[in-house]
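Visitor: Given next are the chains, with one letter for each unit.
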Amino acid sequence: DVKVTQSSRYLVKRTGEKVFLECVQDMDHENMFWYRQDPGLGLRLIYFSYDVKMKEKGDIPEGYSVSREKKERFSLILESASTNQTSMYLCASKLRGLAGSYEQYFGPGTRLTVT
Amino acid sequence: AQSVAQPEDQVNVAEGNPLTVKCTYSVSGNPYLFWYVQYPNRGLQFLLKYITGDNLVKGSYGFEAEFNKSQTSFHLKKPSALVSDSALYFCAVRAYMDSNYQLIWGAGTKLIIKP
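Those protein sequences? They're chains A and B, same order as listed. Residue numbering for the first sequence follows the working numbering, beginning at -6 and increasing consecutively. Residue numbering for the second sequence follows the working numbering, beginning at 4 and increasing consecutively.
Next up, chain A with everything else stripped away, as it sits in the complex (with noise of 0.2 Å):
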């Protein structure tokens, strides 16, 4: 079975803070991605990684930055907190292409509340 972690369930920070999300992958697979998830929006991309070293801006990368060191692991980074980052932030990874299938796995989600 494919396993994505998530490094905190939940998390709380104070504005302005810098703020680290880490997310492990144990299947090798190539992409990562990383979404916010707010009721009624949906998920929305906020990164992706299709290698190690390499990212790729999503549709809302603004206050976010990435960090992809290793094949299985993907860091998320809010340089500074601000309250209307309080969200549901999740972790995805799947395999390239036509190597793998399409779907994505997800980790369990870590809940970021920023007071």
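Possibly wrong hints are sitting among the right ones.
Restricting the straight-line Cα-Cα distance to at most 30 Å, the calculated cross-link-like pairs of lysine-lysine (DSS-like) are [said to hold, decoys possible]:
#1 B:K61 with A:K(-4)
#2 A:K11 with A:K48
#3 A:K(-4) with B:K52
Just so you have them, the derived chain A footprint on chain B, three or more residues with Cβ under 8 Å [what the hints assert, rightly or not]:
#4 49 to 57
#5 109 to 118
Calculated directly from the structure, the hints in this document are not laboratory data. Owing to the predicted nature of the structure, the values given are computational and were not obtained by experimental measurement. Even for Gly, the Cβ is constructed at its ideal location relative to N, Cα and C.
With chain A held as given, fit chain B onto it using these hints.
Guide: Frame of chain A, contents of chain B only:
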């Protein structure tokens, strides 16, 4: 614009009755369509997908979905609902955007199965 619509925020069904969760899409080219389920305080789980072939696809937990090209729909169905099916359901379509394939997500439909 490429998009996914889940027209119902919430669907209520009595246990044992058939259920349908609706999804329509707008995408360039051949659609790759997905359904995911999110149980309370959990990450998203893949249910089923349509890539090509038979319009009726079967997935996990007794769910199925019918691809209808003329109506651009991919409704999720189950013949007999269980209380344990109560969850948040997301439809997604693969779209080519900004030189990459990405998933576009619906806003989600909350399914409530009453005993």
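Visitor: Against each hint, give a clear statement of whether it holds in the structure.
Guide: A quick look at each hint next to the structure:
A distance of roughly 23 Å separates the Cα atoms of K61 of chain B and K(-4) of chain A; the hinted pair therefore holds under the 30 Å criterion. At most 30 Å may separate the alpha-carbon atoms for a hinted pair to count; K11 of chain A and K48 of chain A meet this at roughly 20 Å. Taken as a hint, the K(-4) of chain A and K52 of chain B pair is honoured in the structure, with Cα atoms around 20 Å apart against an allowance of 30 Å. Given a C-beta distance limit of less than 8 Å, the hint that chain A covers the stretch 49 to 57 of chain B holds, as 3 residues qualify and 3 suffice.
Three residues within the 8 Å Cβ limit are the bar, and the stretch 109 to 118 of chain B against chain A gives 3, so the coverage statement holds.
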